[in-house]
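Colleague: Below are the chains, spelled out letter by letter.
Number of protein chains: 2
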Amino acid sequence: MIKKTSLKDIAQAVGVSTALVSYVLNNQKENRISKEVARKIRQVAQELNYQPNQIAKSLKTSKTRTLGLIVADIANPFSSSMARIVEDEADRQGYTVVFGSSDENPQKCQKLITTLLNRQVDGLLIAAPAGTESQIMTLQKQTVPFVLIDRYFPSLKTSYLALDNYQSTYDAVRHLVDSGYQRIGLITLKTSLFHITERTRGYQSALQENGLPFQKSRVKELSGNNPTPDVAKAIQLLRTGQDPVDAIVFTTNSLTFWGLKAIKSQHINLPSELAVVGFDETDAYELFDTSITYIRQPLQEMGQLATKILLESLNPNTPITQTNLKATLVIQASTQSLSVPAVQSAE
Amino acid sequence: MIKKTSLKDIAQAVGVSTALVSYVLNNQKENRISKEVARKIRQVAQELNYQPNQIAKSLKTSKTRTLGLIVADIANPFSSSMARIVEDEADRQGYTVVFGSSDENPQKCQKLITTLLNRQVDGLLIAAPAGTESQIMTLQKQTVPFVLIDRYFPSLKTSYLALDNYQSTYDAVRHLVDSGYQRIGLITLKTSLFHITERTRGYQSALQENGLPFQKSRVKELSGNNPTPDVAKAIQLLRTGQDPVDAIVFTTNSLTFWGLKAIKSQHINLPSELAVVGFDETDAYELFDTSITYIRQPLQEMGQLATKILLESLNPNTPITQTNLKATLVIQASTQSLSVPAVQSAE
DNA sequence: CTGAAAGCGCTTACAG
DNA sequence: CTGAAAGCGCTTACAG
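Chains L and X, in that order, give the protein sequences. With my numbering, you'll find the first sequence wraps up at 356, consecutive numbering, no jumps. With my numbering, you'll find the second sequence wraps up at 356, consecutive numbering, no jumps.
Check the hints yourself; a few may be wrong.
If several chains are the same, the list does not tell them apart, and a pair holds so long as it fits within one copy or across any two.
Here are the simulated SDA-like pairs of lysine to any residue, each with C-alpha atoms no more than 25 Å apart in a straight line [what the hints assert, rightly or not]:
id	residue 1	residue 2
1	Lys273	Thr70
2	Lys150	Leu16
3	Lys150	Tyr59
4	Lys17	Ser71
5	Lys72	Lys199
6	Lys66	Ile42
None of these hints come from the bench; they were simulated from the model.
Please work from the sequences and hints to get the whole structure.
Modeller: See the structure below:
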């Protein structure tokens, strides 16, 4: 690259010190600098098309105006939507964001944290993979500003912004019950991640508090390694036997997608043969035959607030903020109310 | 943040100069440094958990090992998939990537370029919006290393990595003709972007070289501002009148998505009432009733090669590389071969 | 084999 | 009102 013009070049051209140039261009000490000199400096800066070197500025101020964002996989719509929201909010405050995908892998996550920290990002937004508590604790010990996003560890006193996961599935099950469904299955991920286990807990409580039995056999925990066949099999299992389910709740967007694929290939009719509640919103639903009832996360609010909180906590001694946002249940055709059989309602 | 340990700290602890520490930790001049001192330096570095400050290193070397990536919108699956591929390839070579979304807006693109350049990224990967030729020319004048990705300007002699857009739709139309379709419509974007106009040109040539008339009325150019209703209307228009189309080719992934939505809500049967070729591959297709024939871009190859080329061109005097990758036509049910009417085939 | 010194491009407390 | 000077944390040509 061609050498860019520096403060020194301007200083020389105008015949002043670099200090003065710095002050003028940063609009500092305005009242103490003669208008004439200031004007000339600005003019020359313009002429030479001066662009400050952020790296030098960063070294001096130890602020990079850069945020690190660690997502599960930037190619995943949830992550990329989040990235976009964070980008916009960061930009609004003059920050740039550098991202990395952890692939839900603790080693990768650690490597990303190290890389981003070596690059002196001012703060970190982290969708933490399972098994990264110790990494997060270390960050905290180092007093690195960060906020956990989407996931968090209940055992750690850190800032986070996440969904009220418990309530999200609770509401979904409640809605199914209200619509007349009684044998409700759950397809979820086998993981220690709190935000997922909370979803299972919400499902269980909703059943019990509505007088329905919680049956372990109706909860299918998948590893996520072999998605399409595993989900297909889980659905089959739930729908066969002497006590088949009449509704299924999915606890993640991927599971929902794989589930709908399986439902399509198994020619299951929604909602007459099976009611379905999906997790997260996605364009893909719109191409599916039946419109899908789903749990909608307030992504916009989540990304925006998380970024704001992070930016806040760049100031020393900012208190921890822990927020659980409420999901919205978007009710569509896949959970249409059952006409309760006359026999039952008569009794 | 807590003060991190610096080269100086190690130097003091060991009782040597920072220079020596730097050499040892960077594995330089290995043969000229006593094993004992080197060992001790490494040990202390380990003990103090030394992490080099990339910013300082960057200021000195004027290399940041950071790549800038400008996409249309990181929330768009095409962009985010690309971002992921770039991330992985960059990481493999020890680079980090910072991204920005242009929203196809020249002003935003310019702002992004300036920001990224001020942050001293080593090079730029740009999916250039329409109307940014001058920005790209300026980059070239400044000898900033960059490679255009997905889009490019035929008038500019710059490195790029893109699709063979002409051939992509040519092949699609050819396939439709081979399958017996004769009245083929095109739904495309109204834009000056070369990669899109090439797709229209491919469509036109394929028709003409296969003895079919090119009719302007069968090409619908949409602004993209009002997607769902506009696409629905375009499809209706193409399928009514005295010469309705029997097939439609879409030239972008968004158009395809909106098109399929419209097709679903208009209850058009694929392929009996209409054959469809989509652009790009997306999960969403898998939830659609009919499996969709689509033009598949070699995303992986594109992102990976583009990154490699950019990394290459960080070395001075690297020649320009211009590459058009071939698309693959993935043939599925939506363009099933028509049984040619007996009358016609008999003649 | 080792180190003093300059310098990357800025900012800023301090002195005048 | 203005500027000399130190320093952020590194690298590296140079001297010994």
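Colleague: Now look at each hint and say whether the structure bears it out.
Modeller: Each hint tested on the structure:
| no. | hint | in the structure |
| --- | --- | --- |
| 1 | Lys273 x Thr70 | neither (57 Å within a copy, 57 Å between copies) |
| 2 | Lys150 x Leu16 | between (38 Å within a copy, 22 Å between copies) |
| 3 | Lys150 x Tyr59 | between (40 Å within a copy, 16 Å between copies) |
| 4 | Lys17 x Ser71 | both (21 Å within a copy, 17 Å between copies) |
| 5 | Lys72 x Lys199 | neither (40 Å within a copy, 43 Å between copies) |
| 6 | Lys66 x Ile42 | within (22 Å within a copy, 34 Å between copies) |
Checked against the numbered hints given earlier, this structure breaks hints 1 and 5; the rest are met.
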